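Engineer: Listed below, chain by chain, are the residues.
There are 2 protein chains.
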Amino acid sequence: MVKQDRAIRTRNNILQAAAKIFEERGYQAATISEILTAAGVTKGALYFHFASKEQLALGVLEGQDQQFTIPDRVCKLQELADEVLLHAYRLQTDPMVRAGVRLTMDQHAEGLDRSGPFLRWSEVCRERLEKAQAQGELLPHVNPTVTADVLVGTFAGIQSMSQAVSDYQDLRTRASDLLRHLFPSIAVPSVLASLDITQARGESVHSEILTKLQAAAAAN
Amino acid sequence: MVKQDRAIRTRNNILQAAAKIFEERGYQAATISEILTAAGVTKGALYFHFASKEQLALGVLEGQDQQFTIPDRVCKLQELADEVLLHAYRLQTDPMVRAGVRLTMDQHAEGLDRSGPFLRWSEVCRERLEKAQAQGELLPHVNPTVTADVLVGTFAGIQSMSQAVSDYQDLRTRASDLLRHLFPSIAVPSVLASLDITQARGESVHSEILTKLQAAAAAN
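One line per chain: the protein sequences are D and Y, in this order. For the first sequence, my numbering gives the first residue as 1, with consecutive numbering after it. For the second sequence, my numbering gives the first residue as 1, with consecutive numbering after it.
In short, the hints are calculated from the structure, not lab data. Fair warning: this is a prediction, and the values are worked out from it, not measured in the lab. Using N, Cα and C, we set each Cβ at its ideal position, and we do this for glycine too. Hints may contain errors.
As the list claims (entries may be wrong) - Pairwise CB distance ranges (calculated): (1) ALA216/Y with SER190/D: 52 to 60 Å; (2) ILE32/D with THR69/Y: 48 to 56 Å; (3) ALA215/D with THR69/Y: 55 to 63 Å; (4) THR42/Y with ALA7/D: 54 to 62 Å; (5) LEU210/Y with LYS212/D: 58 to 66 Å; (6) GLN135/D with ASN12/Y: 50 to 58 Å; (7) HIS141/D with THR69/Y: 28 to 36 Å; (8) SER115/D with LEU210/Y: 32 to 40 Å; (9) ARG9/D with THR42/Y: 52 to 60 Å.
As the list claims (entries may be wrong) - So, partial list: chain Y residues that the calculated Cβ filter (under 7 Å) puts toward chain D: (10) SER115; (11) GLY153; (12) GLY157; (13) ILE158; (14) MET161; (15) ALA164; (16) VAL165; (17) ASP177; (18) LEU178; (19) LEU182.
The task is simple: from the sequences and hints, build the whole structure.
Structural biologist: So, in structure tokens, the structure goes:
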């Protein structure tokens, strides 16, 4: 049990180091030996967990979406908004999330399948939109698959632009602006009027989840 | 005069070669000597036009938006839509446009100011939105500056996602989907009903402009 804990810690340690190096250097330029130095582990330990640079990058990409699950909401479009606004907040504040997004957007990451995160996020959004549709939250013409792709693609661009022009300083405002431009095309008016899609929402959802995680840890 | 023509041709030649190399190798990895080989010009000729790799990249970024000017439309939102849909079409078909976008989205292009194209496109969109507003095409709450930024950021993401999942094959569909999700939040209903934002629009605008350019060339 203790041995397993240590293995998990080592793995996380390596992923944090890989995230840092990928973010600083880009996928192509990053080397395993730089990641080894940053993680402070042996070559053997690294290769026990990850067989290649590609495996490390995929580990970072998967690390993006773990742990921070949005609590169930009565309104499914609010859940979707919370997902987007929380992600904007985490991009500003969490290096691991930032590294994952950079890898996804890195057009020179040859040999790395970058479509995974786009498709996974589309899937998550589509499921929420289908629930919203079943509850009558969406306008009649909305196709959840198409809208999910629009939401994921547009958010990816908003974050790139925010990174290029302000190093993520204005990302929360831009994420809120994005939702204010997309939701009126998909939501019925009474749902629109009930949503919180302000720029402060991401941080408050983040606190809410942290409090729940701490309460769960204390209960164990 | 003939001498000047030749200089312009050489400059274009170098930019086409630079676009190709930047697209294949990324900004960081590309070298001046690769660009020299691809362009088939002397070092002296290259340095006469461009002092550095950064100057070459800025030349490619500027090359993106030249020549293809959208004809004046009565409806300014149609002009804006035409800009977006034409750009999607050109991204699928023109290597120079593709290279410019790749440079803009290249997060590892150290020392290259990538905010330029975002800001220039925002400016172009803002101007059109202000004209649309003056003509009563926009809903009362719309802020042209905010909407211009949303439009530019979202399109950047749509193209990244299209590149990652389909190598631009589905870009025309995605661009049309994007406008169908944004315009209902900004346009008055009668304008919405008059717009052509279908995926075939980009190609037809492209033909329209080419025909005009050819007619102008023949008249000279």
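Engineer: For every hint, state whether the structure bears it out.
Structural biologist: Hints, one by one, checked against the model:
no.: 1; hint: ALA216/Y with SER190/D: 52 to 60 Å; in the structure: holds (54 Å)
no.: 2; hint: ILE32/D with THR69/Y: 48 to 56 Å; in the structure: holds (49 Å)
no.: 3; hint: ALA215/D with THR69/Y: 55 to 63 Å; in the structure: holds (60 Å)
no.: 4; hint: THR42/Y with ALA7/D: 54 to 62 Å; in the structure: holds (59 Å)
no.: 5; hint: LEU210/Y with LYS212/D: 58 to 66 Å; in the structure: holds (59 Å)
no.: 6; hint: GLN135/D with ASN12/Y: 50 to 58 Å; in the structure: holds (57 Å)
no.: 7; hint: HIS141/D with THR69/Y: 28 to 36 Å; in the structure: holds (34 Å)
no.: 8; hint: SER115/D with LEU210/Y: 32 to 40 Å; in the structure: holds (33 Å)
no.: 9; hint: ARG9/D with THR42/Y: 52 to 60 Å; in the structure: holds (58 Å)
no.: 10; hint: SER115; in the structure: holds (5 Å)
no.: 11; hint: GLY153; in the structure: holds (4 Å)
no.: 12; hint: GLY157; in the structure: holds (2 Å)
no.: 13; hint: ILE158; in the structure: holds (4 Å)
no.: 14; hint: MET161; in the structure: holds (4 Å)
no.: 15; hint: ALA164; in the structure: holds (5 Å)
no.: 16; hint: VAL165; in the structure: holds (5 Å)
no.: 17; hint: ASP177; in the structure: holds (5 Å)
no.: 18; hint: LEU178; in the structure: holds (6 Å)
no.: 19; hint: LEU182; in the structure: holds (5 Å)
Consistency with the previously given hints is maintained throughout, with no hint failing.
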